[in-house]
Structures are given as C-alpha cells and as structure tokens.
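Student: I would like the entire structure built from these sequences, with the hints used as guidance.
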Amino acid sequence: MLEIEIDGKKLTVPQGSTVMDAAHSVGTYIPHFCYHKKLSIAANCRMCLVEVEKAPKPLPACATPVTDGMKVHTHSDMAKKAQAGVMEFLLINHPLDCPICDQGGECQLQDLAVGYGNSSSRYQEEKRSVVGKDMGPLVSAEEMSRCIHCTRCVRFTEEIGGFQEIGMANRSEFSEIMPYLGKTVNSEISGNVIDLCPVGALTSKPFRYSTRAWELSRRKSVSPHDGLGSNLVVQVKSNEVMRVLPLENEAINECWIADRDRFSYEGLNSAERLQKPMIKFDGKWHETDWETALAYVVKGLNGVSADHGKDAIGFLTSPHSTTEELYLAQKLARAFGVNNIDYRLRRSDFSADAAQQGAQWLGSSIAELTAAKSILVVGSTQRKEQPLLASHLRQAVKKGSALNVIHVAGDTLLTAVNAKLIVSPLALVNALAQVLKAVVEIKSAQTAVDLAAVVVGAEAQAIAASLTGAESAAIVLGNVAQHHPAFAQLLKLAQEISALTGARFGLLAEAANSTGAELVGALPHRAAFGAAATAGLNAAAMIAAPRKAYFLLNTEVEFDSYNPQAAVAAMKQAATVIALTAYKGAGLLDYADVLLPIAPFSETAGSFVNMEGKLQSFNGVVRPLGETRPAWKVLRVLGNMLGLTGFEQNSAEEVRAELLAKGSIESAFNNALGDVAINAAVTTGLVRIGEVPLYQADAICRRAQSLQQTADATAPVARAHSSLLARLNVAAGKEGLLRQGSGELKVLVEADDSLPADTVRLATAHPLTVGLGGMFDSIELTQG
Amino acid sequence: MLSAQSLAAIDREVAKYPADQKRSAVMGALRIALVERREAGKTPEERCLNTEVIEFVANYLQIPPVAAYEVATFYNMYDMKPVGQYKITVCTNLPCALSGGVNAAEYISKKLGIAIGETSADGKYTLLEGECMGACGDAPVLLVNNHKMCSFMTPEAIDKKLAELN
Ligand code: SF4
Ligand code: FES
Ligand code: FES
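Protein sequences, first through last, are from chains A and B. Going by full-length UniProt numbering, the letters in the first sequence line up with residues 1 to 784, in that order. Going by full-length UniProt numbering, the letters in the second sequence line up with residues 1 to 166, in that order.
Honestly, the hints are just simulated from the structure, not real lab data. A virtual CB, placed ideally from N, CA and C, is assigned to each residue, including glycine. Hints may be right or wrong, so weigh each one.
What the hints assert, rightly or not - Derived Cβ-Cβ restraints for the label pairs, each shown as a range: (1) B/51 - A/124: 33 to 39 Å; (2) A/128 - B/131: 53 to 59 Å; (3) B/7 - A/85: 45 to 51 Å; (4) B/132 - A/732: 53 to 59 Å.
As the list claims (entries may be wrong) - Restricting the straight-line Cα-Cα distance to at most 16 Å, the calculated cross-link-like pairs of lysine to aspartate or glutamate (EDC-like) are: (5) A/398 - B/20; (6) A/37 - A/51; (7) A/183 - B/55; (8) A/205 - A/134; (9) A/127 - A/176; (10) A/399 - A/368; (11) A/183 - B/20; (12) B/110 - B/159; (13) A/38 - A/21.
As the list claims (entries may be wrong) - One side of the interface only, derived from the structure: several residues of chain B facing chain A at Cβ under 10 Å: (14) 19; (15) 20; (16) 51; (17) 53; (18) 58; (19) 63; (20) 64; (21) 66; (22) 67; (23) 69; (24) 70; (25) 72; (26) 73; (27) 74; (28) 75; (29) 76.
Tutor: Below, the structure written as structure tokens:
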C-alpha cells in the first residue's frame, strides 16, 4: 500500500494505482475526457492535469502512477491554469454548435468547459471542419468536427467489442475518427460508443433531434431480451419511451448494454402495436371492448373443454414474459384443468423432462462463469445470442481464462480460442462425448456412459486438458445446444464432465426470463418451484398432436417455434386460437381468433430472473398504450371469469409475493439430470443449422426499425461448404431451392467453408423462412 | 494482390516479431506493398496505396483494416495519393532552408514545370516538400522515391540528377 495525499486528504492506495484511481477512491473529481475506467489508458486529452509536488510540471492524473508520499493538488493555481489551458486548446477546433447539438445538456465538454475553462477564447483564426462519416443505422457520426480525439470510441471497439472497427486516420490537425472506408460499424454492442463519446460527435441515430436530454424522465428497468438481464435506464417523455441507456451493474452488464437492449425500444412505439381487443368473425377482424373480448375467450375455452375435454387445450407461453405473468398463466391453466403448458417453444428435445431435478440455470453467477480459468461453451452462436456475455467472455480471455468451443459453425468470436471443435449438429453429442472420454482418460476415472465407440480427436483432447488442468472450470450450453434435438444428452454429458472435473455446468438462458419460466413452472411436468404437477403435453407435443384450442401468451409461433411449419399448421387447424399479445403481427392476424392487447415490459410492473438466477423486478415506465392492459391483470380477470379460485391479486407485487412464498429461489436450481441414455454414434445426412437471428429473437426487436436496417438483420441466405455445393451441383452466388417437409424456399446460396460438411446454415424465425421446418432437422438443397 | 516476392518479404518482416504480434510488421508490410506498386504501376493512380491494398495487407497480418489504415495515413512516406514515377521530396526545414533548400525546391519546380505538391502531366515526376531528413550538414538534400537520398543538391547537381532519371 502506498500513502498519498490528495488536496490535503491522506489516503492509502494499492501499488499500481494511478492518481485518477486514488482520487476516485476518496470522491475527488478530476476532469477528464479520454480516461474511462473500463478502457485502456490513452492519456491523450490532457484534461486531467494536476499538480504533483516536486514534479516540475503538471502531470496527467489518468496516466501517473502513485508513488509513496506523493502530494497531489487538483485545484491549485497550477492545476487550474493547466486545465483551463487544455480546455482552450480543445475548443480551438470545436465548432461550439451546442444550440443545434444533440448532446447539448448531457455533454462532458460543455460541462467541463463551464467548470474548468475560461469564459472566452483567444483563438480568432479559422476552425477546421471534418466531413461526417457513415457508421451505419445506429450510430450517427454526422458532425465529426465536434470530435476531440479522445479515442474512447476506438478503444471501445478494439478492447470491448473485440475488433477495431473505428480508427483515427491521418495526423495532427488532420486527424479524423472514421470506420474503415466504405464499411459501417457492425458490432452487436456498437451503441456504447454513443455513451462513451464525451462530445456530440457520435450520437444515437434513432434518437437524434427527437427531444432534449433535460426533457426526459429516467426510470429503471431490465432488458427483456437475452438471459443476461442487463439493467436499463429507460428515458421517457409524454408517455413515450424515447431512449434506453445502460444502468450500471457491475455484476451483470457493467456499464454497457447490447444494441438490442438499447435500440429495440423503437418496437415499443411501433405502428403494429395492438391497442384494442380484436375478434375475428366471418374471416374479418373487428375491434371490440375488453368485456366482449374476455367473454369471447371464456366462451371459447369453456366450449372446447365441454366438447373435447381440457386436454384439447394447449397453453404456449414466452420466456420473454414476466415471472408474474408466467406464474399466473400456469396457475390459470392448471386451475382450469389444462396440463398442457410450456414456454420452451424452440426446444426439440424433452426427453430429460422426467429426469429433471430442479429449475435449469447457468449453474453459477455470471461473475463466477467469467472468472473460471477454463470455460467450455457448447452450441452457442455467442455474439448473436447474448452479445454482451460474449464480450464478458472476451474480457475473461484477456484476464487469462481459456475459452473452449464446441459448436456447429466456426464463426469468429473476436477473441483467442484455446480449442475449438466445429461439427455438424448430428455430431454434437459425439463431440462432447469425446471430451468426456478424454477427461475420463486424463483422470483415470470411471463413467457410466458407454464411450467404447468414441474416438477422441486432438481438439477434444485439448479441451479436456484445459478443463481438467484449470483450477476452476465451467461448461455452458448455448441456444443451439438447447434447441438441439439431443439437448438432454448434451446436458447429461456436461454433467458427467463436471462430476469428474469439478467444473460448474449450466445453460446460457436464451431469453430474459427463461430461468424465471423454469422457476414458476410454466412447464408441463413441474409447477412452481418444482411442485408436482399432473403431466401434460410439452410444446412440441402440443404441435405434433394438434389441440383444438391454443392459448398464446406473448408469442408468435411462426417465429418462436422449433418447427414453424408445423406450428402454424397446428394453429390453423385449431377451433380457436386466443392470443395475448402486444402486436397484431401478420401471423397472429392469420391464425388467431381473438387478440387481447397486453403490455410489453415497459408498460407493466414485473420481474425477470436472469441466467444466474437473480430476480430483478421493475415497474412500468409508461402507461399502457391505448387499451392495452398488463398481462397479469388479464390472466387474473380470466381466472375470475372462469370461476377459478386464487385470482384475487391486486398488483404484480402481490402476484410475486404469492409466488415467492412457495419456495426459495436459491434452492430451486439444479441442473443435474437423472438417467439419460447417451448415444454418441454420429449419424449422417444433410442437416440444417437454423439459428435465430439476433434481431428476430423476440416480438419487440422484430419491430425496431433501426435494428432491422443493420447488417445483422439482412435477409437470410443459405450457406454451405463449397464441397457440399459441388457435390449437390448447386452454384454459389445463385438462388437455390431448399426443402423441409411440405415447405420450400428459393433463397440465395453462398459458400462458407467454415461450416462443417453436410450442413446448410439458414436462419429460422424470419419472415422469409417461416415456411420451412425444424431448426436442426434434415433439409434438402437443390439448384431448383 | 501482391506478388509472391512481396509476400515473401512480408513474411520475413513478420518473422522478426513474436508469433502473436504480427501487427508489429505493419509498417514493413505497407512499405513492401508500396514499393511493389511503385515499381509495377503504370499510372500515378497505380503507384500509390489504396484501400484495397491496405485491406489486403491488414488481412494478411490478421489485423483490422482500420488499424493498418491508421498507420498508412499517419506516415507521409506512404503515398496515399497518386504519385509520379519519381517522387522527389526536397527538405525545406530551417537548416536546409538556410543553405538553399527552398531554392533547390523552386529550381526543380521551374525546371519540371510543376508546383510543389503536383505531379507532371506525363506522370513522371511528383515534387514534394519534406521535413528534416537528419542530413542538415549536406544541405540542400532531397529524397527520390523515399529510399534514395541525394546530398548537396546545387542547381548543377539537380540538373545532373534529373538527366539521370530521364
Ligand atoms: S468521436 Fe467521440 S469518442 Fe470518438 S474520439 Fe471523437 S470525441 Fe472521442
Ligand atoms: S483523462 Fe488523462 S489525459 Fe485524458
Ligand atoms: S533540415 Fe533538411 S535535413 Fe535537416
């Protein structure tokens, strides 16, 4: 520890601290632009000059290491003069166009100029001007004359984003910040540069010129998209969400959010929002009032149950719904006598349901995951599933963790990977079994799994060595693994490896509330906190054996199902489809009979349980749009109208309290499975890799216009290894014909030699591909 | 995009640094790319670096294109603008200026009929001003094509040099 004095205050700081760190630890503010606690030190803005006794000239606090006995003055005449001088220099070329600048009112340069600058400048000469740059649909770089060259944006893309997409070209007074000529900034977390930019050079394209920062009220919320559970500040004006910013939470999202968290709010204000209940009769949609619509729903449910029995009804829910909504939905279904309820619409393997012993989760905290010295990620298109978690893992690698990957596609993770096994979905179980076998050999241990026929490859050996050699290890299964037709085997294998290596194992929760849905028992085989339930049909079974009536909570089955073709067919054959939804999507308008407008996360109180099992509650930030109502209220009213007991809750908080009284969250999680038979043999055949595109994951982001213009939202193309294309006689760069079940589609085919042989990669959950079948099922490809 | 020789030369640069720090070779690699283009290029446009070449070099070194672009635009010896077959850079910094550096530049300018910063219509010469080349004692000095330093460039010496280049 070093002793130091800042402005007369004595303190001790650890070796290696900078003067800036030391000042922050005692709450002394030193003005700065280029310094950022999460980025490397650049020391190029010079705003943080302070006086250090015995130093002949002012020193930059952000880059000056503390030495023992150092005496620092941040407000002495020397420091103040230096700061004012730097400010005068910074403003020489700054246009001072604050009245028309979007950053006005929340600009660090503005604030510091007032606080530390002079009231006028001596500079009379011409200012330089810099032409605007095109960084894509999210980040505006229109007014680059405002840039003060702090390089925060550059360092962010390189250090946090993993790939330097922005650079500073030229030299001295010709320096310009730009993306590579002709390219846009395509990082999934690019929006953070807007927050980082201390001036108005980089601003939010969707938000620009819509309102002034001081007209907004700030409300806390939680991201409704991926399972990370990023904390948000939602900014609101006149009952409309205008902007979303990160709320710092070191344990979850640090000070960042992904672009999906930041820009999807545009979907909240979409013209497709359903504002009034609607009923379809004679093939036409009619707006109606709540009373009529609810009576219609009750009549429908009672009618089907009287004619066909309760088992003819299926409840399909969404892991993007709040804990309270999911709890009430399963309660409503079960109280009414319907056991067919599920939230796992994109899963295809339910064989472990009976073997499940607790709610499934990450298996550790996010911090424990990223602190593990060896991490194995199985079946995850990381950057497109949980973009920010992918960035956390990147930081973990920088801190010395070994990242190992077993996946179906060799996408770059923008980080160093220790060992990587890229195989066809049909060989995924085999790949993980190879690792288990190698671990068994290294540990000279035993396993009950029959691995006799498994041949361990070099990469699997390297993964096993990494897992066994590290002092802490973690194995996590991503979305692809969870959607995979052999999910249960993958989880079981992870469990076996964990038993031998001490690694933690679990799931990277797909959606904001997948873990919550597990907890509340929106499942056919478990009720809240694992309470016994009369077994019903799972999501796939409800589609495979179509029901007479479907009750859809917050889901568009054509985008949310493992097999959209079958799901839509099941909806169409049903006597009635009741949909609680925030949007009147084309699919719902086609197959539903009644639409009840429910509030998205921004318009209701509720809570999400993130992948690490943390329940985060939030309040609505705006009033429900039109006649929209929070889904928990709708479910409660339906409970009453159906004559069921236990639906008297007066608030979301009461629903939550009722749920939480049923058990303890901490002890509810358990990823261990009972018996699951492992078949590690590799079958052959052409199979689809059908991932969910980043901005098609949920109903809100599907309708966020700016996100829909990004590179990640371009129309799906079919990708396959060039050797496969040659064998099938299909030309790359031309349209090919893809067929799954009764659906076929003409789509551009491209060669991609990073894919395993015998796979066709074609995104699901997109309007273009909804006619096709299962995400990881067999597929046919011809020139057509 | 680059010849096998150039790639071999770049590989030699890369070999000078630890395997995980290929980026260190970016300056050498850009220099090699530029020399190849200057020697093979037929027009001023073909003799300088452009975004495709820089991106190629960046990909070859497995660094982001913009990182290579930063380097290429920072140092003025990397020609980013069309350049003549002979790029003549005359030092006009103070010590040289005191010993006839500016005069030398003006002499060349008159003789070639191009202003400083221009390229002759036939694409043969480009005349540029340069900063101190660390050879002030030999003033006036000039550089031909970045690599050839010429000292004591009196008008006679310049005449001789230009005749040689012709
Ligand atoms: S654009 Fe903004 S963040 Fe980037 S260097 Fe300029 S001032 Fe800094
Ligand atoms: S904050 Fe220290 S030099 Fe920029
Ligand atoms: S000033 Fe010309 S070489 Fe030094």
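Student: Within 16 Å, alpha carbon to alpha carbon, are residue 183 of chain A and residue 20 of chain B?
Tutor: violated, 26 Å
Student: That 33 to 39 Å hint for residue 51 of chain B and residue 124 of chain A (C-beta), does it hold up?
Tutor: holds, 38 Å
Student: Answer holds if the nearest beta-carbon of chain A is closer than 10 Å to that of residue 74 of chain B; otherwise answer violated.
Tutor: For residue 74 of chain B, the interface hint holds, since the closest Cβ of chain A sits about 5 Å away, which is under 10 Å.
Student: Verify the interface restraint on residue 67 of chain B: the C-beta must sit less than 10 Å from at least one C-beta of chain A.
Tutor: holds, 5 Å
Student: Minimum Cβ distance from residue 70 of chain B to chain A below 10 Å?
Tutor: Hint on residue 70 of chain B: holds, closest Cβ of chain A at ~5 Å, below 10 Å.
Student: Between the alpha carbons of residue 37 of chain A and residue 51 of chain A, is the straight-line distance 16 Å or under?
Tutor: violated, 21 Å
Student: Regarding the pair residue 205 of chain A and residue 134 of chain A, is the alpha-carbon distance no greater than 16 Å?
Tutor: Answer holds: residue 205 of chain A to residue 134 of chain A is near 11 Å, not above 16 Å.
Student: Taking the closest Cβ pair, is residue 72 of chain B under 10 Å from chain A?
Tutor: holds, 8 Å
Student: 53 to 59 Å was suggested as the range; check whether the CB atoms of residue 132 of chain B and residue 732 of chain A agree with it.
Tutor: Holds, since residue 132 of chain B and residue 732 of chain A (Cβ atoms, about 54 Å apart) stay within the stated range.
Student: Double-check residue 66 of chain B for me: the hint is only fine if its C-beta lies closer than 10 Å to a C-beta in chain A.
Tutor: Hint holds; residue 66 of chain B Cβ to chain A Cβ min 4 Å, cut 10 Å.
Student: Is residue 127 of chain A within 16 Å of residue 176 of chain A, Cα to Cα?
Tutor: The given pair, whose Cα atoms are some 14 Å apart, holds under the 16 Å limit.
Student: Interface hint check: residue 20 of chain B, Cβ to nearest Cβ on chain A, cutoff 10 Å. Holds or violated?
Tutor: holds, 8 Å
The structure does not agree with the numbered hints 2, 6, 11, 14 and 17 stated previously, though it agrees with the rest.
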